[in-house]
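Start from the sequences, fold in the hints, and give me the full structure.
Residues per chain, in single letters:
Number of protein chains: 2
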Amino acid sequence: MSVNPVRALLFDTFGTVVDWRGGLIAQMQVWASAREVQADWAGLVDAWRGAYLPSMDKVRTGERKWADLDVLQRDSVEMLAPKFGVDGLDGAALDELVHMWHELPPWPDAVEALRVLRARYVIAPLSNGHVALLVKLAKTAGITWDAVFGADVFRHYKPDPETYLGAVSLLGCRPSEVMLVACHASDLEAAADCGLRTCYVARPLEYGPGRTLKSPPPGRFDMTAADLGELAASIG
Amino acid sequence: MSVNPVRALLFDTFGTVVDWRGGLIAQMQVWASAREVQADWAGLVDAWRGAYLPSMDKVRTGERKWADLDVLQRDSVEMLAPKFGVDGLDGAALDELVHMWHELPPWPDAVEALRVLRARYVIAPLSNGHVALLVKLAKTAGITWDAVFGADVFRHYKPDPETYLGAVSLLGCRPSEVMLVACHASDLEAAADCGLRTCYVARPLEYGPGRTLKSPPPGRFDMTAADLGELAASIG
Chain R
294 MSVNPVRALL FDTFGTVVDW RGGLIAQMQV WASAREVQAD WAGLVDAWRG AYLPSMDKVR
354 TGERKWADLD VLQRDSVEML APKFGVDGLD GAALDELVHM WHELPPWPDA VEALRVLRAR
414 YVIAPLSNGH VALLVKLAKT AGITWDAVFG ADVFRHYKPD PETYLGAVSL LGCRPSEVML
474 VACHASDLEA AADCGLRTCY VARPLEYGPG RTLKSPPPGR FDMTAADLGE LAASIG
Chain L
294 MSVNPVRALL FDTFGTVVDW RGGLIAQMQV WASAREVQAD WAGLVDAWRG AYLPSMDKVR
354 TGERKWADLD VLQRDSVEML APKFGVDGLD GAALDELVHM WHELPPWPDA VEALRVLRAR
414 YVIAPLSNGH VALLVKLAKT AGITWDAVFG ADVFRHYKPD PETYLGAVSL LGCRPSEVML
474 VACHASDLEA AADCGLRTCY VARPLEYGPG RTLKSPPPGR FDMTAADLGE LAASIG
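Taken in sequence, the protein lines are chains R and L.
All you need for this note's numbering is the position in the first sequence, starting with 1, plus 293.
All you need for this note's numbering is the position in the second sequence, starting with 1, plus 293.
Keep in mind that the hints are not guaranteed to be accurate.
Copies of one chain are not kept apart here, so a pair can be met inside one copy or by any two copies together.
Derived SDA-like pairs (lysine to any residue); straight-line CA-CA distance at most 20 Å [unchecked claim]:
id, residue 1, residue 2
1, 432, 470
2, 429, 529
3, 351, 371
4, 432, 405
5, 432, 411
6, 358, 510
I should point out that these hints are in silico values taken from the structure, not numbers from a laboratory.
In structure tokens, the structure reads:
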């Protein structure tokens, strides 16, 4: 039996490459300080993230027609903000909050690890963000991708198979030649169902300090790495 | 009247960024030398390029269902090769010739100019090549793009408006915020019809030395540059 070599690495983005929670809270605090607004920013961010999957599920199930993540996130934060002490947000303020998702800090190991991996593999994000968001995110963070696969390229959100198989097809690869790198087991399981290889990366701080996240059982995925730096040291 | 600033630059690739003719002839000569085959390589390359637009027109008019450039180019070279003294090409040999389009040399000014322009603009190819081809081309040439728009993303070939407007949409821009940079007037005219801005770049050696190419009349396009280096010096 021979095993196809991995030619391309796809990366989940929010959580795996960038720290959405720390980045959003920090940006909101700066934003609030300039407006002299006080609120439970961490609470709002966690609730916003809580609304993320359900908002995409409405598109995935056909309950809502295609809308990109900016549109979905804007609806969610407009609904949630008053519950956390932020009232009377106008359209411009909502846009500012939504655009905070376009400029999130990479985890400390991410930029250098991706640079190393890019020398050997084709690397690209496969994210539920849209291309414009992902391009802005990468330019802000100093990340260089070989291609950018946003949900709007496929007009499907993960874990729909159209996303994984669409990226594989655009890369001119077989599924087994592509590995998804992600910190969410559900994303990796959906990729594995499409025939992709999988690498689980631990991001214990994704939901903030002091949280205990369940690690997948050994052998569940093709690879497991403590962070992207360890992955780069292993296969880069 | 205010004018939107240009936020993103799209680049035609074959001819504008890379030297397809010089690159193909050089690769074919190496390939032929290893196989002790003699043929009119320049003649074959020019005929192959001559078949390029007609082969895509079959897809554009619906005469042929969607096929990527590798498939189209393979059919063309299989038909043309015997006319230039190359007989009996098997499947592997045809694939090798087709893949020469994936590794073409950038014009001498291109890599540095794109590096400069990327610091200020979002830059991406908008090509009739497919994503996998464009990724390989960029990695081989040492070009870094912010995103990669191949014809397979849109399942349309330029000058279909779906390509220009599709890229504009994925970039999250208005058409007037995006400028197409190309050495072919027909490409630029189609982009202008979609509301994009246009920059004509002269590539007098695209079809080989000693050819006189007609320059577009002054004022026909928004900008004109002698090469990408001049464009970078002007707006980079």
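Practice task
Using 20 Å as the alpha carbon limit, work out where residue 358 and residue 510 are close: within a copy, between copies, both or neither.
Solution key: neither (37 Å within a copy, 46 Å between copies)
Handout entry: 20 Å Cα threshold - placement of residue 470 relative to residue 432
Key = between (27 Å within a copy, 18 Å between copies)
Exercise for the section: Up to 20 Å between alpha-carbons, please classify residue 432 paired with residue 411: within, between, both or neither. Expected result: Both. Shortest intra-copy (16 Å) and inter-copy (9 Å) distances satisfy the 20 Å Cα cut-off.
Exercise for the section: Tell me, please, which holds for residue 429 and residue 529 at an alpha-carbon limit of 20 Å: within, between, both or neither? Expected result: between (25 Å within a copy, 18 Å between copies)
Handout entry: Identical-chain pair category, residue 432 with residue 405, by Cα at 20 Å
Key = Both, since 14 Å and 18 Å are each at most 20 Å.
Practice task
Since the copies are identical, ignore which copy is meant and state whether residue 351 and residue 371 lie within 20 Å (CA to CA) inside a copy, between copies, both or neither.
Solution key: Within one copy, since 17 Å is at most 20 Å while 49 Å is not.
Checked against the numbered hints given earlier, this structure breaks only hint 6.
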